[in-house]
Amino acid sequence: MDRSWRAKRAVVAASVVTTSLALATPAPAQETFKLGIVTFLSGPAADSFGVPARNGAQFVIDQLNKGSVPSPYEKVGFGGIKIEPIIIDENGGATKQVQELRNLYQRDNVDVVLGYISSGDCLAVAPIAEELKKMLVLMDCGTPRIFEEAKYNYVFRTAAHATMDNVGLVRYMKAKNIKMETLSAINQDYAWGQDSRADFVAAAQQLYPNVKVQTDLLPKYGAGQYGTEISALVGAGSDVVYSSLWGGDLQAFVLQSAPRGLPKRSQLVFSAADHVLPPLGDKMPDGTIIGARGAYGLMSQKSPLNDWLFKGYEAANGVYPVQAAYRMTQAILGLKAAVEKAMSKNGGKKPSTDELVAAMTGLEWPSPGGLIQMKLADGHQAIQPIAISRTKYNPDLKRVDLVDIQYFAAECVNPPPGVKSIDWIKGGMQGAKCN
Amino acid sequence: MNFFLTIVLDGLIQASWLFIVALGLTLVFGVLKILNIAHGSFYALGAYIAASAVTMVAAWGFSPGVGFIAMLVSVALIAAAVGLLLERGLLKMFYGRDEVVLLLVTYAVFLIFEDVTKLIWGVNPIYATQPYELFGNLEFAGLYYVGYDLVLIPISAVVGFAIWFGLNRTVIGKIVLAVIHNEEMSVSMGVRVNRVYAIAFAFGVLLAALAGALTAPKISMQPGLSSDVIILSFAIVVIGGLGSVEGAAVGAILVGLARAASVHLMPQAELFMIYLIMAAVLMFRPEGLFKRETARRI
Amino acid sequence: MKKDLHPLAMIALIAGVTLFGRVLPTWTLSLATIAASNALIALGIVVLARTGNVSFGQGLFFAAGGYGVALIANAWGLTDAVAQVIIGAACGGLLGLVVGPLIARYSGIFFGMLTLALSMVFYGALVKSTALGGSDGFNVGRPTLFGLSFTDPREADFMLYAVSVIVTGFAGIGATMLFRSEFGLASLAVRENNLRVEYLGISANRIISINFVIAAIFAGASGAFALMAQRHIDPQFAYWTTSGEFVFIAVLAGNQSVAAVFVASMALELVRSFSNLYLPNTWQLVLGVFLLGVILFLPRGIGSLWIRNRRKRSTSTAKAPLAAQRGATP
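Residue numbers (this note's numbering), protein chains in the order written: chain A, 5 to 439; chain B, 3 to 300; chain C, 893 to 1222.
Everything labelled a hint here was simulated from the structure, so no lab data went into it. Built from N, CA and C at the ideal position, the CB exists for glycine as well. Any given hint could be a false lead.
Derived pair list, reagent style DSS-like, types lysine-lysine, alpha-carbon separation capped at 25 Å [unchecked claim]:
(1) Lys224/A / Lys1020/C
(2) Lys120/B / Lys224/A
(3) Lys100/A / Lys79/A
(4) Lys354/A / Lys137/A
(5) Lys306/A / Lys180/A
(6) Lys94/B / Lys100/A
(7) Lys137/A / Lys306/A
(8) Lys353/A / Lys155/A
(9) Lys1020/C / Lys100/A
(10) Lys430/A / Lys86/A
(11) Lys353/A / Lys79/A
(12) Lys437/A / Lys353/A
Chain B residues, not near chain C, derived (Cβ > 10 Å throughout) [what the hints assert, rightly or not]:
(13) Asn4
(14) Phe5
(15) Ala60
(16) Ser65
(17) Arg99
(18) Val111
(19) Asp117
(20) Ile155
(21) His183
(22) Val252
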């Protein structure tokens, strides 16, 4: 009798507390720029992508708030306004992320949301931001579908998409005369994996007209165990095995396939593998052709901005920055450029969402990974240069080095405005400007 | 012919660790009548503990063989302890209630363990690959197989045989069987059913953790490991029959082969093939392929 | 005899909750909409649980309703909220009519597992179907109401909130009337001992099937709501952990009071939302402990807080008399 009374009182008290929390309106915002950042803090994508992205964000925002970033980003924060980040976890599925996006805009009153690594999440949240008429900057996800299946005014993507990665890979292979008469593939069964595979196969068919696709596997995202798939791939014995696997899945795949002799039987080609090099170390087979979805990390080109990021990030985190950190950096710097451009137009006030949107459309800005140009999708989708290289383990430095690096200009590997990527590839990649 | 052999071998490799997991689940259900949703969490726990053990042993400079033994021993001890604690400390409180209540308690345990493993081991993938190279490589049917994968098959057979022998040929085993068949009778015969419950549950947890430890060198340990294992082991246990050791073996082999076959032959069907089999078995032989005739109380 | 709530009083309650939505902050509105739709599906589970069968696969009808509505909305441009709810309910109900009789024969754990298996089969099929967007799913447009389209986000959210609260509220009234009816009592009898029910000349299977279809209808409608709120559907709707959450709410609520289902659902959403903000890596821990706490201290669910049950209830079923003795407090 006694126990149930106490329990009842406790529950009533708890519900009162939660209801009042629910109704509590957040404190009015001071003059800071509230930036919502969404990235994987847990789950299979955390270690290799989400956490480097978050570390990159923290590093860049700290530096910006101190005014320690090299030119042309010397102003403190965004145009003198300090940046206040609110970082949340992207884990939990697309449907949950939609609710979290609303919370960020409506409960936490952020000015801009920046982030999203998973293509599935990007596809789900973009229409919501558009509906709410709030600015969303997608910084990492790779599926070309975002702007090819819909038009957006309030949504931007500050990094190039998967077409660049795959066209770059095939061009590299052609330039290095890699034999590819037979091809097998293993990709995760969702937008990123499917689109990457489609782009790679289409590009391969353009530059290697006689290529035959043998084993084509699409395991589930997050599968982690590829014993049977590896048997199928080794059994096929193709010249090239292509994969857009990433994160924990890629690590598992490499660890499980190397002892089974796959790298010896086939040339491994990974479109987004730089982030697994630090954790894999000497377990990464030498000679694997990899992309980093940009000229990032050990493939990045020397510049004051790149030195600032590379050295500063490494000092702060004990490891060099991989692609996610670079992409986060270019997104934040791009936003900064847009804010300052809008402020120069409106007389120095904190810009409204519409002013920001106008400023970011079609913008170009320098970044540690090269020049970012918002050229596609009416100025909402970025193109950038890419680098492809091969792995080679360096026992002295105890890390995987990247050798045979080749760079490709943005307009060599990205589609021109106005045409769908897959159509562009299948049409022979007209208008590509390669040197 | 080679192709067919590949499928069989792949299927058996998968079946071997699936069997150990399913065995633990079926044992717990048979004795305690609990369908343990947290079973996959114990698998993950075993994998994580194994990873830590292997890494520590390697850091102290011992050979991978020692690491392998250390991993198995440490996992067995910790898992048994966790199992005992859980059963005595938590599950016991809910024995008087509906089956569903216990199911929900195990669901709560699953949720809690998800985050506890994150808090202890972090969210980064962890690897413990040293034991993977212990048994070298083997060429078979034109493909390279890692010795470790193949060794798992006899290991799981030994485990299965040991459990079967323990249940059917030892006194303690027969007591456990008695409790499985008719608890009321066992109590009235003077069996310390409480003890049997505790031991059975601890064993169930131990088997799940052991399976996790054995697969640890091949995979990356990361959050989310448990959800898929749970559903797979459910499928196996349902197919084979709840509470049946032979059923778990047959179910595991069936599921392993089905997965291997679908990856090689029809990749699109891979995911729902297993659940389809599970649903079909439930419809036509709900007690599983190895059903025991039970009297129904009116 | 305890005083039961008069239907008019319940309608007043629904109206009150709906109007309360005008003062709630916007983010709470969408949270409350989700809570209402979760409550609807949990209500279906409670209805079914009164026959002694707990369905662990309501995700099947949830997803069926959601995908059905999404496909029709995209194909025929049908965006009316009420129409979408009806279509969702119909999709769920049709599927329930097919599945229900098949599984009504099973009981207890097998029933639960079969529903789980079926929902996972559907999940597997959805993930591999590229036409339906595979594991990414697809988006749908914003819902309208009776021809009016709402461009202001706040008004749109309120409209959805209002529709979901009203529909769920009426479902609740319907459920309450069902519980008090002959059919409702017969359902309870099936739980106690379905063989005796057969001897009395009533088909236990039929009762279970009908309850199952009702639960499926509720689940399908709930799927439509979830779709309208998120404007996005993916196979996760059919995954077992999604179904598990609905069962969680049903257990939290208990089978004593229909209003408890709404309270439980809202509590879950609030806990989930806040623990994600303040304790990002521990929200499942919080949820698990919460669930244990409720099972331990509120064994008949939240409903037992305000329903004082004067009738003596026999809680132990005929299946486990011994376990009941063993489980008695020392």
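Going through the hints against the structure:
1. Lys224/A / Lys1020/C: Holds - the C-alpha atoms of Lys1020/C and Lys224/A are around 9 Å apart, at most 25 Å.
2. Lys120/B / Lys224/A: holds (23 Å)
3. Lys100/A / Lys79/A: violated (36 Å)
4. Lys354/A / Lys137/A: Answer holds: Lys354/A to Lys137/A is near 17 Å, not above 25 Å.
5. Lys306/A / Lys180/A: holds (24 Å)
6. Lys94/B / Lys100/A: violated (35 Å)
7. Lys137/A / Lys306/A: violated (39 Å)
8. Lys353/A / Lys155/A: Outside the cut-off at roughly 29 Å; violated.
9. Lys1020/C / Lys100/A: Roughly 21 Å separates the two Cα atoms, so the pair holds.
10. Lys430/A / Lys86/A: Between Lys430/A and Lys86/A the Cα gap is close to 47 Å, so the pair fails against 25 Å, i.e. violated.
11. Lys353/A / Lys79/A: With Cα atoms ~15 Å apart, Lys353/A and Lys79/A stay inside 25 Å; holds.
12. Lys437/A / Lys353/A: Status violated; Cα separation ~40 Å.
13. Asn4: Correct as stated: the minimum Cβ-Cβ distance to chain C is 28 Å, above 10 Å.
14. Phe5: At about 23 Å from chain C, Phe5/B clears the 10 Å cut-off, so the statement holds.
15. Ala60: holds (28 Å)
16. Ser65: holds (36 Å)
17. Arg99: Its Cβ does come within 10 Å of chain C, the nearest being 7 Å, so this is violated.
18. Val111: violated (7 Å)
19. Asp117: violated (4 Å)
20. Ile155: holds (27 Å)
21. His183: holds (14 Å)
22. Val252: holds (18 Å)
In this structure, the earlier hints numbered 3, 6, 7, 8, 10, 12, 17, 18, 19 are contradicted, and the remaining ones agree with it.
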